[in-house]
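Peer 1: The listed protein sequences correspond, in order, to chains B and Z. Here this note's numbering is used: position 72 in the first sequence is 72, and no number is missing along the way. Here this note's numbering is used: position 72 in the second sequence is 1072, and no number is missing along the way.
It cannot be assumed that every hint is accurate.
Listed next, the stretches of chain B that the computed footprint assigns to chain Z, with coverage defined by at least 3 CB atoms under 8 Å from CB atoms of chain Z [stated by the list, open to error]:
| id | region |
| --- | --- |
| 1 | 34-48 |
| 2 | 141-150 |
Chain B side only, calculated, beta carbon under 7 Å to chain Z, not exhaustive [as the list claims (entries may be wrong)]:
| id | residue |
| --- | --- |
| 3 | V1 |
| 4 | Y57 |
| 5 | H172 |
In case anyone wonders, no lab produced these hints; they're calculated from the structure. No residue lacks a Cβ here, since even glycine has one placed at the ideal position from N, Cα and C.
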Amino acid sequence: VEPSDEVLCRRTAAGDAAAFERLVERYQRRAWRLAWSVLGDAEDARDVTQEAFVRVYRAAASFAGRARFSTWFYRLLLNLCLEHRRRGRWWRRRVVVAGDVEPDGLEHHAPPLDDPTERLAHEQDMARLTAAAARLSPQQRAALALTLDGLPTVEIAAALGCSPATVRVHVHRAVSALRAEVGAAAPEAPR
Amino acid sequence: VKARPGHLDTTLVPYLRGELAADEQTAAAAHLAECAGCRRALDETRAVLDALRAVPVPEPDWDRWRAELRIRLAAGGPAAGRGDARPSVAAGAPAPGRARRWWAGVLERTAGRRPAWALAAAVAAAVVLMVALPAGRHQSAPPSGRSARGPTPAVEPFDLFEDLDLIAHLDRLVPGPGG
Chain B
1 VEPSDEVLCR RTAAGDAAAF ERLVERYQRR AWRLAWSVLG DAEDARDVTQ EAFVRVYRAA
61 ASFAGRARFS TWFYRLLLNL CLEHRRRGRW WRRRVVVAGD VEPDGLEHHA PPLDDPTERL
121 AHEQDMARLT AAAARLSPQQ RAALALTLDG LPTVEIAAAL GCSPATVRVH VHRAVSALRA
181 EVGAAAPEAP R
Chain Z
1001 VKARPGHLDT TLVPYLRGEL AADEQTAAAA HLAECAGCRR ALDETRAVLD ALRAVPVPEP
1061 DWDRWRAELR IRLAAGGPAA GRGDARPSVA AGAPAPGRAR RWWAGVLERT AGRRPAWALA
1121 AAVAAAVVLM VALPAGRHQS APPSGRSARG PTPAVEPFDL FEDLDLIAHL DRLVPGPGG
């Protein structure tokens, strides 16, 4: 039976390097997706995700185990993301348009589409959606990314340090903005 | 999660995710059956979420990412270039095992990012050094991570390797006893 995240964190605190490696394996992709979604920049995402794991390693002993490890970790990571933006590097944010070649060797995993016309339309949609997502607030992007990751609203709230109602507002506003942007969307339903 | 009476706005996504309480989920479904506006909003919300899931997320080179993480862990102090972002290190945090390696201190001051050209230059320099090392220039390696404040020009460029395994292999080049 695979040990839980919480067990691995306690072992990390006790100096078990293998347990830490296992935590990194489990969370590196999720961390990356979240950081990339919030920061919109691969270099920033690299910096912040690595820093998050460094802090897990150094501060594993301070994980009290009252919350889930995932909540603790996401909170730590999101704080780093927001701090990163406050330090003013967010202007480097690039909107990644599907099909662009990234200079740092990133691989873009686009779903395969056979029909060129369909592919073009799809790529344009994706580009518009990504550009619109880049204009959301960091909190909205974080809430949306964690929603897409399947995290329950209460856990997203714990990770963002706000109430579940606030998470729902973030997600609703984000989705509404994207709906409007993608064109499918329509005026809000009449009250 | 409380559903508002009437239109589903902030409850659209919780409804789609099945997060509403049973009675609220039922009430929302009943409202949707009657309200074309909310049905359209629901369809569009679902479409946006599906599309977002399909947005390609660029993946880093994970080998390189892990190698850089090792460098930062080995660096011990605050991660390079992040002086204002000191962690609140808890008492009893583990001593990083890898930091005990002799090269840890060498990495300490140089764990920041490098432009691509610097990497290329470093690889070239390192190839030269790999040839030179067996000739016995390696005896001045610091005994512990913290003692590498002084210049160690012959060894420093090694941190520019993206793959720390390569650095680890350099240990083999250290002359043996009496070497």
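Peer 1: Take the hints in turn and mark each one as holding or not.
Peer 2: Hint check results:
1. 34-48: Check passed, 7 qualifying residues.
2. 141-150: holds (count 3)
3. V1: With Cβ-Cβ at 24 Å, over 7 Å, it is violated.
4. Y57: Because about 6 Å separates Y57 of chain B from the closest Cβ in chain Z, which is inside the 7 Å limit, the hint holds.
5. H172: Holds, because the Cβ-Cβ distance from H172 of chain B to chain Z comes to roughly 4 Å (cut-off 7 Å).
In summary, the structure is inconsistent with hint 3 from the numbered list given earlier, while agreeing with all the others.
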